[in-house]
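Asks: Sequences listed follow chains A, B, C and D, in order.
Residue numbers for the first sequence follow my numbering, so the first one is 1 and each next one is one higher.
Residue numbers for the second sequence follow my numbering, so the first one is 1001 and each next one is one higher.
Residue numbers for the third sequence follow my numbering, so the first one is 2001 and each next one is one higher.
Residue numbers for the fourth sequence follow my numbering, so the first one is 3001 and each next one is one higher.
Bear in mind the hints are in silico, worked out from the structure with no lab data behind them.
One should not assume that every hint holds.
As the list claims (entries may be wrong) - No more than 20 Å apart at the CA atoms, straight line, and that leaves these computed lysine to aspartate or glutamate pairs for EDC-like: (1) K168/A - E1319/B; (2) K2168/C - E3319/D; (3) K1315/B - E207/A; (4) K315/A - E1204/B; (5) K2315/C - E3319/D; (6) K1201/B - E207/A; (7) K315/A - E1319/B.
Said to hold, decoys possible - Here are the computed distance ranges between Cβ atoms for each label pair: (8) S1127/B - K315/A: 25 to 35 Å; (9) E204/A - Q2046/C: 23 to 33 Å; (10) R2182/C - T1112/B: 34 to 44 Å; (11) K1253/B - Q23/A: 50 to 60 Å; (12) R3302/D - V31/A: 51 to 61 Å; (13) G1219/B - R2182/C: 52 to 62 Å; (14) P1289/B - K3315/D: 46 to 56 Å; (15) D1287/B - E2037/C: 53 to 63 Å; (16) S2085/C - R1302/B: 32 to 42 Å; (17) G219/A - K1253/B: 31 to 41 Å.
Glycine included, C-beta positions come from ideal geometry on N, C-alpha and C.
Number of protein chains: 4
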Amino acid sequence: MKLRAAVVGATGIAGQQFLVALQDHPLFEVVQLAGSERSAGKRYHQAVGWNVAEPMPTKFREMDVVDGSKLSLDGVDIVFTAVESDAAKELEPRYAERVPVISTASAYRYETDVPILIPAVNGDQASLIKVQQKKRGTKGFITPIPNCTTTGLVIALAPLARSFGLEKVVMTSMQAVSGAGRSPGVIALDIVDNVIPYIAKEEEKVEREVKKILGALIGEEIVPDAVQVSATCTRVAVLDGHFETATVALKHKASLAEVRAAMERFGADINPSTHPSAPRQWITVHDDPYRPQPRRDRDADRGMTTSVGRLREDKVLGEHAVKFVLVSHNTKMGAAMGAVLVAEDLLRRGIIAG
Amino acid sequence: MKLRAAVVGATGIAGQQFLVALQDHPLFEVVQLAGSERSAGKRYHQAVGWNVAEPMPTKFREMDVVDGSKLSLDGVDIVFTAVESDAAKELEPRYAERVPVISTASAYRYETDVPILIPAVNGDQASLIKVQQKKRGTKGFITPIPNCTTTGLVIALAPLARSFGLEKVVMTSMQAVSGAGRSPGVIALDIVDNVIPYIAKEEEKVEREVKKILGALIGEEIVPDAVQVSATCTRVAVLDGHFETATVALKHKASLAEVRAAMERFGADINPSTHPSAPRQWITVHDDPYRPQPRRDRDADRGMTTSVGRLREDKVLGEHAVKFVLVSHNTKMGAAMGAVLVAEDLLRRGIIAG
Amino acid sequence: MKLRAAVVGATGIAGQQFLVALQDHPLFEVVQLAGSERSAGKRYHQAVGWNVAEPMPTKFREMDVVDGSKLSLDGVDIVFTAVESDAAKELEPRYAERVPVISTASAYRYETDVPILIPAVNGDQASLIKVQQKKRGTKGFITPIPNCTTTGLVIALAPLARSFGLEKVVMTSMQAVSGAGRSPGVIALDIVDNVIPYIAKEEEKVEREVKKILGALIGEEIVPDAVQVSATCTRVAVLDGHFETATVALKHKASLAEVRAAMERFGADINPSTHPSAPRQWITVHDDPYRPQPRRDRDADRGMTTSVGRLREDKVLGEHAVKFVLVSHNTKMGAAMGAVLVAEDLLRRGIIAG
Amino acid sequence: MKLRAAVVGATGIAGQQFLVALQDHPLFEVVQLAGSERSAGKRYHQAVGWNVAEPMPTKFREMDVVDGSKLSLDGVDIVFTAVESDAAKELEPRYAERVPVISTASAYRYETDVPILIPAVNGDQASLIKVQQKKRGTKGFITPIPNCTTTGLVIALAPLARSFGLEKVVMTSMQAVSGAGRSPGVIALDIVDNVIPYIAKEEEKVEREVKKILGALIGEEIVPDAVQVSATCTRVAVLDGHFETATVALKHKASLAEVRAAMERFGADINPSTHPSAPRQWITVHDDPYRPQPRRDRDADRGMTTSVGRLREDKVLGEHAVKFVLVSHNTKMGAAMGAVLVAEDLLRRGIIAG
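Let the hints inform the model, and build the full structure from the sequences given.
Replies: Following this line, the structure appears as structure tokens:
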């Protein structure tokens, strides 16, 4: 028996990706599609401008799209939301009264009773959900995933945090245009033959989310990790796949071989045998200095593997510092499929009832 | 009376840029064009595949191209070289026996008796040239300009070094494809919809050159500045203009307003009234967080101005740290026109005889 | 004494280009800037998101922007409009009651009493303006320029039409993204690593406008040329400059040398000595088969020259057929500066009073 | 029992694609890899710079690369060649003395006893191979596939040729950079923000090959079809997938519905059930005027389907004319996988012994 899922924001790019990620899922069955008032009442294929590389799953073509603000939760076991922050702010608490809500929006990420989950990184913070339910008196709950730029960075940092401790991180991102969506997204006149040096609110999100995700759940709240993060976020003419350079000061001495080993063994217990959407290898470390590249590495293991390369010692940021680059697929692990992976983990932990 | 100049490597991209920079120059007149053995004996327009945005100056079309290894220096007062490092290694000392050689190549950058000059930054290091001439017993000398990625960074750092002292720099570059030239340069299959995370030897050059250029000439040698530099150099799908993000720890406390003021007044005494190729403003600081961008800012003041933006405090790299982004035109200030500017400065200082 | 001009739609891209084209114009002085209701009441630099390569002319920075629908024409001798078709439909007749209106919009292009002017091509059709004024009882009039894709094509065709007669034209365009403006324009997700095979209404405009522009003014109306035009219009990842391939069946036999000569001498009497915005050479014919290219040729003579290349015989379209490619700057000759050139010509002809 | 195949030119891009196409092939097993003298003696993974989207098949990593000019054909049943024309000229006849040679090179395409095969289009021309063997006294033979730009065009034309007859074709291509390979291929400096109007020899190939492929095998030779083809071939900033616009004059009247139906039913008998590499649908006709696009449609059915769109009547080229656009994957159907499909067809026809 699969859990019955509603996808809210189903006509947007992230919503389309949810449908791709869920189309043949062994644990979830999409039974409701919700969109804006404008889409409501149409068949899905009439309401959507399909924009994802994979073809539109035929099973959803003729499904009706309902108004997300009028979504009935009868017969719905779980809701995946892919809406803008303002809409999320209003809709998600309503849904959470009755069912679990896994969200790609930032609206509730920074509430003290809301964890930002990536199973291999901080799956244990899922127990904060009980606190949330108790405090809010809801049957369901809200669990957002991180910002897509946080995701790759914090996955690469997590094994270092555990094995060696983190002191400081200086990061520069070169982000793909798909991260900005289509309304209006990044226009070609701004990005062809160019770099855009600023993405509003992005740096603050990354700096805050890394600390929270790597934090410790003590009693009923998460104590953020002490790591200091300095981010500069830019946009480049890449379609999908965020590229980041990171310089990291560790608390304890670690050879490059030890760093690499910690990365390569990271997340081994969360794999496709237990979590259908999990990557076989959470982090791949490249030897070739010309890798990873967004175009050639973003799709590693269905876009779920984080690719690290150019691992080097750093003499500048701290006594025990390393630097590296990474590629993470912003619309796969960094969005819908990453959210589905969270649902899989919560199901396995019994926080979502199977 | 203008000085008579030879341009060696005149058919390559940097050589073409020399011809553009020198075509109507008030102080220099190009009288000889030299290229490889293969180009020798041809008219310039037959030997060259013109690839610079500006049109080929008509006055050079019918000039003969001679073999750089057989260049006669009779009637030549100064040589500008734009050849690969290996060729530079061999040719430049020969020319330097008789005349000043201003070079874009890295071959002699790291010799103890060779300064790497940017007039507003370290024009005083020009006096090392006398040491070089004495030591090598030459009438002329060799003066290289920095690597094009060093140029923008060190110009932005110089006012901070002078006013507040530098401790640490963490830099990520997103470099234009023109920096790789055309033989074969960056192929489209590698860079469209992509980022390349590595440029061979580039990071080492930047780290070493910044320290030397900001160093102090004490007695007969340059003592490198103590600043520690950590660079990650990447290539993006931009035609011209290197973009860099920099996080900088200062020795002494400085407000953002003070940092900005130091940048804005930097280099004021080296301007078009004294140096025809100098920018009116060496560093422009943008308020708009979406600027500078390579495409929209690289050509500021004929590609000679360094554009800084997103100036912010940084809490991570040091007690007194700032961060910013910059755009520098890699084939104007960072190459031929930057070299011509050095010649103008040496002429003014009397190191090149007028 | 310069004519006093108002620019309507001054904050859009085409409006910005009008300001660049008019900033130091010997015959026109911009005295009013009009925009949408939203822009009205602001200073120009506050109302505009400046997006043109050239810097914003300082003289317009602090000018007030008025609401185009409330524009007073007191003290205005001529209006240049750069607004969407719907707005043009409403505003232009109002302005035309009192003053000449030179428009980039398509709203009135296909009216029988409205010529679509390019001075070197069909300047004589300007006499239709008298018919328009008489018929409409207006002091002013409306004269639109062609669609930017028509412009380059019809300039290249005009000398062939005159010298050899035209029978058929098969054309494929590869158009720049700037042609779509910014609201929202072409988004990067759609055009990077891609071609878009369709531009709504574009082909119909080109097919219709070529016939009208090359038509004959007989009595009080234009009889369209009999040439049959078949266009396929596409969008490519180019910032500025429309590229077109054209196969053309001529009525009369013509050697390639004759075709070339006809192109090269075309428009010689309309040049900067008589029309400040006119190109010195209306059509340049390249020998190098790798030219023209949008990026390297769009800016020829301030973007006013049409660059033709790959001139070849064609055996397929007709008995006397040729084929070629062309590049035309869609936002210079194809928009604002092309409109200013029309005003210059009408002034010279006395249709606009000097 | 699979046929034992050698791949010659295995380290180039087309060679890599052969390995991808053949890695799990039910009928062919790659037993030899050949390259240039420089690659000979190395393991495959040492000799190759892997540049294809799909990962390098593990089974070939450790295979030895032999010198193509010294390739032993003992134990080889078929040779796939992916070398430059000059090398093909020399090597292919040697191989063909003993075994079938399926080639991507143009060296022998225009010989009278050599068919250029696309199974659904002109599979019957395969009987020319017997003529070739008799004439040349060889056990094997040479069969090239068409130029990658011909392939999509001739597939789209074939159903029209059969059902309605062809008179004239005017075609403009916008070709992907992968078609130029990597030695040096198209450099980024030439194609970013640009269109290149010329590809050497391409137009002649397309014009000639279409006529031959659509020709009739009469007696012992192919009589080219009478269709007249006029091609203009250009390069755009697209990684993979050639886009073409075609205007086609038919001999007999045909409604758009009839044209569409002819395209859609084309090739139905050559499908994956009989030919593992064949597309399920040879030609897909899109209704959405914004499709096909290279990036979104090139990979249709493993890159083997030709995508047609914008099917319209044309009034210009002839009495019964239509126009359309198409996308064809130049390195899948247009290269290696297209060649493998030819081998499958020849095997089925008994021309290659199973």
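Asks: Could you run down the list of hints and mark each one as holding or not?
Replies: Each hint tested on the structure:
1. K168/A - E1319/B: OK: K168/A and E1319/B at ~13 Å, within 20 Å.
2. K2168/C - E3319/D: Measuring from Cα to Cα gives roughly 13 Å; hence the hint holds.
3. K1315/B - E207/A: holds (11 Å)
4. K315/A - E1204/B: holds (13 Å)
5. K2315/C - E3319/D: holds (18 Å)
6. K1201/B - E207/A: Outside the cut-off at roughly 31 Å; violated.
7. K315/A - E1319/B: holds (18 Å)
8. S1127/B - K315/A: 25 to 35 Å: Roughly 31 Å apart at Cβ, these two residues keep to the hinted range, so it holds.
9. E204/A - Q2046/C: 23 to 33 Å: With Cβ atoms ~27 Å apart, the hint holds.
10. R2182/C - T1112/B: 34 to 44 Å: For T1112/B against R2182/C, whose Cβ atoms are near 54 Å apart, the range 34 to 44 Å is violated.
11. K1253/B - Q23/A: 50 to 60 Å: Holds, since K1253/B and Q23/A (Cβ atoms, about 57 Å apart) stay within the stated range.
12. R3302/D - V31/A: 51 to 61 Å: Taking Cβ atoms as reference, R3302/D and V31/A lie about 32 Å apart, which means the hint is violated.
13. G1219/B - R2182/C: 52 to 62 Å: holds (59 Å)
14. P1289/B - K3315/D: 46 to 56 Å: holds (53 Å)
15. D1287/B - E2037/C: 53 to 63 Å: Since the Cβ atoms of D1287/B and E2037/C sit about 28 Å apart, the hinted range of 53 to 63 Å is violated.
16. S2085/C - R1302/B: 32 to 42 Å: With Cβ atoms ~40 Å apart, the hint holds.
17. G219/A - K1253/B: 31 to 41 Å: Holds: the Cβ-Cβ distance is about 39 Å, inside 31 to 41 Å.
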